[in-house]
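Protein chains: 2
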Amino acid sequence: MEVTRKNFKETLPLISESIDKADFLVIDTEFTGLINGRDVSIFDTPQEYYTTLLNGSSDFLLIQYGLCAFYWDDLEKHYRNDAYNFYLFPRGRPGPEKMFLCQSSSLDFLAAQGFDFNKLIKEGISYMTEPIETKLRENLTERQNRMNNENEAITIPEEHRNQIEDICKKVREFLNDDTEEEIEIDKCNAFVRRLLFQELGTRFKNEAFVETKVLENKDRVLRVTRLTSANDGKSRDTQKKEKEWEEFEEAVGFSKVARMISQSEKLVIGHNMLLDMLHTLNHFFQPLPSDYESFKEFAHCMFPRLLDTKYLSSLPPFKDKVNSSVLQHLLTTLSEPPFSLSKVECAAGRGYSRADAKAHEAGYDAYVTGLCFLAMQAHLARMRGDSSSRVPSPDSPLLKPFLNKLFLSRTAHQDSPYINLTGPEPTPSRDHVFHLTFPKDWQRNDINQLFSAFGQITVQFLDDTSALVALSRKDLAKTVTRAFANNSRISIVPYVKYKLLTSKSASQYQNERREDSSEKLMKYSTDNTLARRGIVSDSNATRAPEKSRERSNSVSLTETQPARKRSSSGVFKIEEVSPPKKAELIKISENETRNSSEVVSNGRRKHSDCAKETVTEKTKQMNNVIEKFDSDSKVECVTAFKEIDNWD
Amino acid sequence: MEVTRKNFKETLPLISESIDKADFLVIDTEFTGLINGRDVSIFDTPQEYYTTLLNGSSDFLLIQYGLCAFYWDDLEKHYRNDAYNFYLFPRGRPGPEKMFLCQSSSLDFLAAQGFDFNKLIKEGISYMTEPIETKLRENLTERQNRMNNENEAITIPEEHRNQIEDICKKVREFLNDDTEEEIEIDKCNAFVRRLLFQELGTRFKNEAFVETKVLENKDRVLRVTRLTSANDGKSRDTQKKEKEWEEFEEAVGFSKVARMISQSEKLVIGHNMLLDMLHTLNHFFQPLPSDYESFKEFAHCMFPRLLDTKYLSSLPPFKDKVNSSVLQHLLTTLSEPPFSLSKVECAAGRGYSRADAKAHEAGYDAYVTGLCFLAMQAHLARMRGDSSSRVPSPDSPLLKPFLNKLFLSRTAHQDSPYINLTGPEPTPSRDHVFHLTFPKDWQRNDINQLFSAFGQITVQFLDDTSALVALSRKDLAKTVTRAFANNSRISIVPYVKYKLLTSKSASQYQNERREDSSEKLMKYSTDNTLARRGIVSDSNATRAPEKSRERSNSVSLTETQPARKRSSSGVFKIEEVSPPKKAELIKISENETRNSSEVVSNGRRKHSDCAKETVTEKTKQMNNVIEKFDSDSKVECVTAFKEIDNWD
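Residue numbers (this note's numbering), protein chains in the order written: chain A, -6 to 641; chain B, -6 to 641.
With the rest of the complex left out, here is chain A (with noise of 0.2 Å):
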């Protein structure tokens, strides 16, 4: 099912209900874009992977949301799903100004599989996240308040008195004249209109409404109403006002099923849902921690229950069966011996079958992720003699291994499978990486024949003189940098002492980057005035803050979480929020290295694009050029990076 701003208000209890009865909750979601600057690199520890996506990714816009939630049909004995695929705008008005991101491939992707920008930007639902929704709330009831009491005149600049008298004539005319119902006055600009607005208000207070209309065109005119009773104009005050509060829960918009999601604590389910994730917490809820604890503590206190189908069908008994887990291949193998699909059905209208076809329709990749996850699950409960096609609870013993643990796809290859969100992931040791210096003219083929006598590598170039080497045969680590000891062409360093010779400067770099960034595009337009002169100190508002819900700590938290909670309104809180610890904030210096874009595993060509070119001159920026004309291998990673980051 669609929505849109046309109908989500009246889907809304329907969205309700299928999170209600559901067994599980799918979600999936499309951005503008996926990174920008420098990508996660292979040998990224899971904190390294969440801050560079922080970075990176934050920035970019969620644009379409699939949810499909699965329910139990008890007669039948199968599924049934209820789909929802929305789309998702915030719009300057009603809601706050939003700047984003936008990645020129993955538009371009998006469009090629019959993504509609059209209706996008003009249908798409609004959202914001809490913190936003608290003060926009606030600043509304202190405004209406104010209307009432507060009216600052302007002086009428001499060069605008012929033009407004003009009109209050015009307007005394009409009000004079019984024929008319109402006149608009057009061709003012907006000042011009703000003069009308109070002398029109001043003069005819009793004898008219004065409004702003917004044309079709987004012109904007004045409407002048004739008020017949004492009493209208009053009334016209209170519609008024509740006409704002309509359109500001238009804002908070798709912001409301988020956070059903959420307060349903139900198994959410996703494939490679490791960006879903980022993209959900950072745009309904609150602004993504820097603090890599702190977002885990944030991730699972908002969803306690999540499974990734990607990280599933990386395990055994999936791990050698499936040749690629790009998630329409995984449907393919799924429903093919051993594995095969179970029956999931559809109320008419209200979900999606297998003929429908929409892939990278965000509701029907949920809807397809969900027919995997059956499908997976069945396989397992087959090997423990479970012949049941209901899915047990997530806390049961059979899903409870691969909860809460979110693919990292970049890195899950080399020995970094996912985040954990409860707990500590696997340390791989880096004593078989070496950070290499090497003469400007060497190839690839230079480094091969200088570790010939190693076995395979991987090499991960940094630039044109340093590269990231990793060597397969971990045994002969400790010999590599005494066999280059007396080699002067290179120098050779341990990847753990490289780390901490970067961190330094990297770390401090990187926060100051952040910091930058952040403030320069995620921000919204301020009215500062309003804030200076709307903040009264007792807040009499006509609505107060919803109280929104509070979870019981209990159930969705391990028993080694610090404290952190919930204010009144929702907001998540880590009491004493640590700064990133800078030891972990591992970075390559980016003022110093660029971050190159061959990582080659096993003679492997990895992710050719992506990389990162932070050299600042100008007369290097030509560099920053990727050339696109090759006819293969290059391109895939920066459209399809959510599907086909890692190679199989």
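Rather than coming from a laboratory, the hints here were simulated on the basis of the structure. There may be inaccurate statements among the hints.
Chain copies aren't distinguished; within one or between two, either way the pair holds.
Straight-line C-alpha distance at most 25 Å; calculated PhoX-like pairs for lysine-lysine [claimed, not checked]:
(1) Lys206 - Lys115
(2) Lys314 - Lys180
(3) Lys249 - Lys(-1)
(4) Lys180 - Lys312
(5) Lys314 - Lys162
(6) Lys163 - Lys314
(7) Lys259 - Lys467
(8) Lys351 - Lys233
(9) Lys70 - Lys393
Given chain A, work out where chain B should sit, using these hints.
Relative to chain A, chain B alone:
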């Protein structure tokens, strides 16, 4: 005439012809946003104005370009117009991947005007700057040379051997069996395709041709075609190279039109054209220089004859008769006495007529701007006793005074009306402006009262406790500091002193910011690997970089120009570009002050939006919200800055 990638190539000769025969050209553009971050303040100098737009606007995308060529019909004795409305979208392939910013209200506004975003993304014409074009041309040349010689083999990883062998077997069978001409190999991820490319290429070198095919939905498959003769393979390679060059030319795209306009050296007209010019230079020629004088030279070198109709309409004899210089309002004004619109016709399908009424379509707005220009120049000519309908040479006394001055709509009503591309601008005194610090509980009225003895004041709030205050009675300026010397609740500093105090740290910060943001946003993905491998020292290219035009300097330059030159590829170069002059790069330190939203001039309320919020702590982010539920006077300046960003 609408131009997309579908008809661009065949339309180019028509465009060239239109430019050649035109007396003057009119342009108009549409962007994905107007200003990000701090907006121009009413006390900014032209240089500060430029720097603010450079930082706040250049990350938006130019998505529609209107070009209207007015040419003289000597038989009928009136003008005719050829108009082109280009949809522009620099898709990632072919051409460089691009990151760009959008402002939700701008997209919302364009959508309301009927802008077709689906057409934009699917059919938009690509473009690139000259340095990028040069670099891409070199890369492609080098890569094609390399293609013949080099073929680095990848060892097939254990886990992929079976799959590769299976497919090789299938291809063998296809080649043995003579029924089909080609087969497609699908459901392979990019890495497997890379392996297959290599293996199939090696094993079936003389029997089959392997290429990547991009399906409608952007999926990629390998296509294996039977070779019928030994030469077939070779000619296919040649075909492939030719196709790559075709794609390259398509990627250069609209930049060719922009450069044709530049090369024509004709009079180029726009309405409020500063942003149009900035985007034109930045997207199709070269990244804008941070140095203001370099910008002026650069702009003047590329477009030696510019005329801004908004500037023209702000001067006598138009000033007093034009109530609003919003383009549509101006047209209405100029169609009534004492003005009159000239007759302008068009060949069928080649231009606009007034009946089209497609306001905010770039091509139509360009056409309307041309009509306005014709009406104003005819009025000027009549005043001089000249009844000719044909526009005189731009270098004639009639037009020369208005040439190469770009209107500054934000500051024009204060005292800084234009950027002069061919000389210095007026340097208005700031003696009557003061920086005021006041108690936090103060409202606008408190400031009014404070200054009640000094006549009307203009207030621009900076944050909760500071503002800039300008006296309209400049003669009283000298008495201000003394008058408040004993007032302990406030402190007051002359504007010039305040700027000096803040400039040091601010210019530093600003420079860092600029580097960082240009890095972060407009960066192109880089394939350093290719660059690494590709750059062979001698460039025996299959196609040498095209020689680009060199313009005679003598025509376009005033005598006062410092040394600058064009490179052989048409690149504009300033010899020894000096760094931004610190003393001039005077900015409010954005880390310290919030640049607030209200500007009150004679009690006027201006541009409450677009304010810069630079407080970086998370807890303050919620302040970054504009209260958008007001009924009037705030939203226009975002959605229609270009037209009604000043109040008349």
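Here is what the structure says about each hint:
Proximity of Lys206 to Lys115 under the C-alpha cut-off of 25 Å is restricted to the intra-copy arrangement: shortest distance 19 Å within a copy versus 34 Å between copies. With identical chains, the CA atoms of Lys314 and Lys180 are at most 25 Å apart between copies only, with a shortest distance of 15 Å across copies and 69 Å within one. Taking the shortest alpha-carbon separations for Lys249 and Lys(-1), only the intra-copy value of 16 Å comes in at or below 25 Å, while the best inter-copy value is 42 Å. Within a single copy, Lys180 and Lys312 get their C-alpha atoms only as close as 67 Å, which misses the 25 Å cut-off; across copies the closest is 17 Å, which meets it.
In this homomeric assembly, Lys314 and Lys162 come within 25 Å of each other (Cα to Cα) only across copies, at 21 Å, whereas the closest approach inside a single copy is 83 Å. For the homomeric pair Lys163 and Lys314, the shortest alpha-carbon distance between copies (21 Å) is at most 25 Å, but the shortest distance inside one copy (80 Å) is not. Taking CA atoms no more than 25 Å apart as the test, Lys259 paired with Lys467 passes in neither setting, with 43 Å inside one copy and 68 Å between copies. When the C-alpha separation of Lys351 and Lys233 is checked against a cutoff of 25 Å, the pair qualifies neither within a copy, at 42 Å, nor between copies, at 33 Å.
In this assembly of identical chains, the alpha carbons of Lys70 and Lys393 lie at most 25 Å apart only when taken from the same copy (24 Å versus 84 Å across copies).
In this structure, the earlier hints numbered 7 and 8 are contradicted, and the remaining ones agree with it.
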